[in-house]
Amino acid sequence: MTTLAARDLPRFGGFNLGMIRLELRRMMRNRRTVVFTLIMPAVFFLLFGTNASNRTERIGGGNVTGYILVSMAVYGAMLATTSGGAMVSIERAAGWSRQLRLTPLKPVAYIAVKLVLAMIIGFVSVAVALAVGSVSGAELPAHAWVLCGLLAWVCALVFAAFGLFMGYLLPSENVMQILGPVLAVLSFAGGLFAPVDTFGHTFATIAKFTPVYGVGEIARYPLVHDGTLWVAVLNVVVWTALFSLGAMWRFRRDTARV
Amino acid sequence: MTLTASPGITGRGTADLAVDLDSVVKRYGPVTAVDGVNLQIRPGEVVALLGPNGAGKTTTVDMLLGLAQPTEGTVRVYGRKPHDAVALGLVSAVMQTGGLLKDYTVEETVKLTAVLFGKPASSVGEALDRAGIADIGKRLVGKCSGGQQQRLRFAMALLPDPELLILDEPTTGMDVGGRHDFWQAIRRDAAGGRTVIFATHYLEEADAYADRVVFVRRGQIVADGTASSVKALASGRTVRATLPGAASSELESIAGVDTVEIRGDTVYLHGRDTDSIARYLLTSTPARDLEITSRNLEEAFLTLTADDAGSTR
Numbered sequence: 001m002t003t004l005a006a007r008d009l010p011r012f013g014g015f016n017l018g019m020i021r022l023e024l025r026r027m028m029r030n031r032r033t034v035v036f037t038l039i040m041p042a043v044f045f046l047l048f049g050t051n052a053s054n055r056t057e058r059i060g061g062g063n064v065t066g067y068i069l070v071s072m073a074v075y076g077a078m079l080a081t082t083s084g085g086a087m088v089s090i091e092r093a094a095g096w097s098r099q100l101r102l103t104p105l106k107p108v109a110y111i112a113v114k115l116v117l118a119m120i121i122g123f124v125s126v127a128v129a130l131a132v133g134s135v136s137g138a139e140l141p142a143h144a145w146v147l148c149g150l151l152a153w154v155c156a157l158v159f160a161a162f163g164l165f166m167g168y169l170l171p172s173e174n175v176m177q178i179l180g181p182v183l184a185v186l187s188f189a190g191g192l193f194a195p196v197d198t199f200g201h202t203f204a205t206i207a208k209f210t211p212v213y214g215v216g217e218i219a220r221y222p223l224v225h226d227g228t229l230w231v232a233v234l235n236v237v238v239w240t241a242l243f244s245l246g247a248m249w250r251f252r253r254d255t256a257r258v
Numbered sequence: 001m002t003l004t005a006s007p008g009i010t011g012r013g014t015a016d017l018a019v020d021l022d023s024v025v026k027r028y029g030p031v032t033a034v035d036g037v038n039l040q041i042r043p044g045e046v047v048a049l050l051g052p053n054g055a056g057k058t059t060t061v062d063m064l065l066g067l068a069q070p071t072e073g074t075v076r077v078y079g080r081k082p083h084d085a086v087a088l089g090l091v092s093a094v095m096q097t098g099g100l101l102k103d104y105t106v107e108e109t110v111k112l113t114a115v116l117f118g119k120p121a122s123s124v125g126e127a128l129d130r131a132g133i134a135d136i137g138k139r140l141v142g143k144c145s146g147g148q149q150q151r152l153r154f155a156m157a158l159l160p161d162p163e164l165l166i167l168d169e170p171t172t173g174m175d176v177g178g179r180h181d182f183w184q185a186i187r188r189d190a191a192g193g194r195t196v197i198f199a200t201h202y203l204e205e206a207d208a209y210a211d212r213v214v215f216v217r218r219g220q221i222v223a224d225g226t227a228s229s230v231k232a233l234a235s236g237r238t239v240r241a242t243l244p245g246a247a248s249s250e251l252e253s254i255a256g257v258d259t260v261e262i263r264g265d266t267v268y269l270h271g272r273d274t275d276s277i278a279r280y281l282l283t284s285t286p287a288r289d290l291e292i293t294s295r296n297l298e299e300a301f302l303t304l305t306a307d308d309a310g311s312t313r
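Note that the protein sequences, when read in sequence, are chains A and B.
Note that UniProt numbering has the first sequence beginning at 1, numbered continuously upward.
Note that UniProt numbering has the second sequence beginning at 1, numbered continuously upward.
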């Protein structure tokens with residue numbers, strides 16, 4: 001009888017920094033991801049947020065340019081975390097997920113890697129937006145620069161869950177071509193491009209139930225100290241729960257099938 | 001029809017088997033892909049799973065890798081559940097298609113595999129070398145030819161230094177040169193004592209590279225043995241004779257006859273021992289004009305593996 005050499009399983013189900021490093025390098029190689037998540041939000045900000053009246057009009061402790069900057073940072077974080085989560089779609093379409101089944105990587109560790117990646121790229125996106133804003137006339141109180149940025153980033157977790165859910169729902173090579181417009185509509189409905197009450201009372205009421213609304217309200221709160229915070233928090237919590245449940249449901253079906 | 005030329009495995013225990021499939025059945029809805037397969041493979045064997053498309057080869061491979069669960073029966077790889085054996089790196093595979101990301105380089109793909117298996121960085125260059133793709137390490141996977149991608153899959157499969165390597169139709173879509181290079185690499189590797197199972201529908205590949213050939217047809221093993229013994233079993237001969245008014249049931253009962261075909265007054269009897277069939281026809285029936293012809297290997301393979309429904313014989 002052949003004696004087999006002792007073999008061990010990797011720790012943490014295969015979750016490790018080496019994989020995250022390689023995956024980050026691959027994401028940065030994808031020009032579309034870079035344009036969508038890092039460049040576009042900053043460009044939107046420069047186009048819509050930096051005219052003279054926005055710079056002079058005051059809001060909270062800063063100017064309207066600063067207000068729009070935070071909204072665009074949220075938009076960028078949202079695009080970044082969604083596309084991070086939606087990577088699973090491309091990987092399933094390419095048969096890569098199946099290939100990973102032939103390694104010790106546990107499905108849960110794989111999801112964890114994707115979430116970490118989504119949050120890293122979301123962080124970079126927020127940082128880029130704030131950096132562009134700081135040299136383009138955005139004015140915020142010092143603590144708001146930090147708090148608004150952090151809140152935009154942390155709350156974008158809801159879209160990492162959304163991206164994962166969609167990634168498992170739509171096995172497609174170019175899932176972001178579908179999700180990009182969806183996110184734009186949701187951002188509009190959630191008051192990211194223009195305050196929700198600009199469009200009347202009914203619209204403003206509906207807006208409160210859409211998934212982008214909460215994130216935007218929370219992220220801008222350190223600046224404006226306005227609005228009912230608990231509604232926004234409830235919004236984020238409920239949507240995160242819904243998207244996570246959706247992702248888990250599809251994920252379980254996926255693992256059962258293969 | 002079940003032909004068995006398997007070397008005596010049954011007498012041995014199952015503890016030291018590389019692969020042990022016990023009455024394995026796999027159904028997908030109304031379709032039975034694998035229909036009661038028993039297969040034992042010992043460490044060090046190089047085994048070809050040979051059969052036409054849709055015979056159940058890939059389903060069998062998927063079950064060996066834990067990618068599919070058997071509906072009935074048990075699958076053990078080195079005495080473990082397939083997925084556990086995979087996670088420990090005891091078994092790895094080169095799959096038919098897919099399984100690669102276009103925007104990784106060749107080297108990064110192997111590096112990621114190494115990271116997942118907890119192997120040192122030095123193992124990456126080694127695997128690239130052994131698969132013969134060290135020179136294209138910096139190339140993006142999307143820019144690699146089919147043969148290069150296949151050798152990349154091979155490099156990934158080598159990384160955990162598996163006891164058992166499974167290849168599913170490894171040379172599909174390769175040109176003759178690519179096929180040759182690929183098998184050279186596999187052959188070098190198997191010389192080190194690794195157990196290899198490969199699924200193929202190329203008879204020549206099974207013949208040239210396997211110690212043991214397992215013929216699969218419609219989810220069942222129809223023959224199992226050394227390449228030469230299976231060929232001998234498969235390549236029987238045909239006795240043609242003029243025999244008016246013959247009944248096929250009567251002809252089928254002749255010792256050594258496997259199949260019978262009647263065309264008008266002419267009968268075609270196929271079997272391994274054509275001498276005794278001829279002797280019987282000449283001594284016990286009014287048959288005349290006897291002719292004995294041998295089938296070629298390709299024809300024999302078709303007989304063994306063809307679907308009855310799609311076959312004209």
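One or more hints might be untrue.
[Unchecked claim] Under the rule of at most 20 Å between Cα atoms (straight-line distance), these lysine to aspartate or glutamate pairs were calculated in the DMTMM-like manner:
1. Lys119/B - Glu107/B
2. Lys102/B - Asp8/A
3. Lys81/B - Asp8/A
4. Lys119/B - Asp129/B
5. Lys102/B - Glu72/B
6. Lys81/B - Asp129/B
7. Lys106/A - Glu91/A
8. Lys138/B - Asp103/B
9. Lys143/B - Asp84/B
10. Lys138/B - Asp161/B
11. Lys208/A - Asp197/A
12. Lys119/B - Asp8/A
13. Lys81/B - Asp135/B
14. Lys119/B - Asp175/B
15. Lys138/B - Glu107/B
16. Lys143/B - Asp189/B
17. Lys106/A - Asp84/B
18. Lys143/B - Asp197/A
19. Lys81/B - Asp16/B
20. Lys143/B - Asp8/A
21. Lys102/B - Asp197/A
The hints are simulated quantities; they were obtained by calculation from the structure and are not laboratory data.
Quick rundown of the hints versus the structure:
Only pairs whose Cα atoms come within 20 Å are accepted, and Lys119/B paired with Glu107/B is accepted, the gap being roughly 14 Å. Restraint check for Lys102/B and Asp8/A: not satisfied, since their Cα atoms lie roughly 30 Å apart, outside the 20 Å limit. Note on Lys81/B and Asp8/A: the hinted pairing holds, with a Cα-Cα distance of about 15 Å set against a maximum of 20 Å. A C-alpha spacing of about 16 Å is found between Lys119/B and Asp129/B, which places the hinted pair at or below 20 Å, so the restraint holds.
The straight-line distance between the Cα atoms of Lys102/B and Glu72/B is roughly 37 Å, outside the 20 Å bound, and the hint therefore fails. Straight-line distance between C-alpha atoms of Lys81/B and Asp129/B comes to about 31 Å, which puts the hinted pair past the 20 Å bound. Of the supplied pair hints, the one linking Lys106/A and Glu91/A holds, its CA atoms being roughly 15 Å apart against a limit of 20 Å. The suggested pairing of Lys138/B with Asp103/B holds, with an alpha-carbon distance near 11 Å, which does not exceed 20 Å.
Taking the CA atoms of Lys143/B and Asp84/B, the gap is near 34 Å; set against the 20 Å cutoff, the hint is violated. Distance restraint check for Lys138/B and Asp161/B: the Cα-Cα separation of roughly 23 Å exceeds the 20 Å cut-off, and the hinted pair is therefore not satisfied. Pair hint Lys208/A plus Asp197/A holds up; C-alpha atoms about 11 Å apart against a cutoff of 20 Å. Using a Cα cut-off of 20 Å, the hinted pair Lys119/B and Asp8/A holds, with the two alpha carbons roughly 11 Å apart.
Under the criterion of a C-alpha separation no larger than 20 Å, the hint pairing Lys81/B with Asp135/B is inconsistent with the structure, at around 37 Å. Pair hint Lys119/B plus Asp175/B does not hold up; C-alpha atoms about 33 Å apart against a cutoff of 20 Å. Distance restraint check for Lys138/B and Glu107/B: the Cα-Cα separation of roughly 6 Å lies within the 20 Å cut-off, and the hinted pair is therefore satisfied. Of the supplied pair hints, the one linking Lys143/B and Asp189/B is violated, its CA atoms being roughly 26 Å apart against a limit of 20 Å.
About 11 Å separates the Cα atoms of Lys106/A and Asp84/B, which keeps this hinted pair within 20 Å; it holds. The hinted pair formed by Lys143/B and Asp197/A fails the criterion: a straight-line CA distance of about 52 Å is larger than 20 Å. Taking the CA atoms of Lys81/B and Asp16/B, the gap is about 14 Å. The hint holds against a cut of 20 Å. Taking the CA atoms of Lys143/B and Asp8/A, the gap is near 35 Å; set against the 20 Å cutoff, the hint is violated.
For the hint pairing Lys102/B with Asp197/A, the CA-to-CA distance comes to about 46 Å; that exceeds 20 Å, so the pair is violated.
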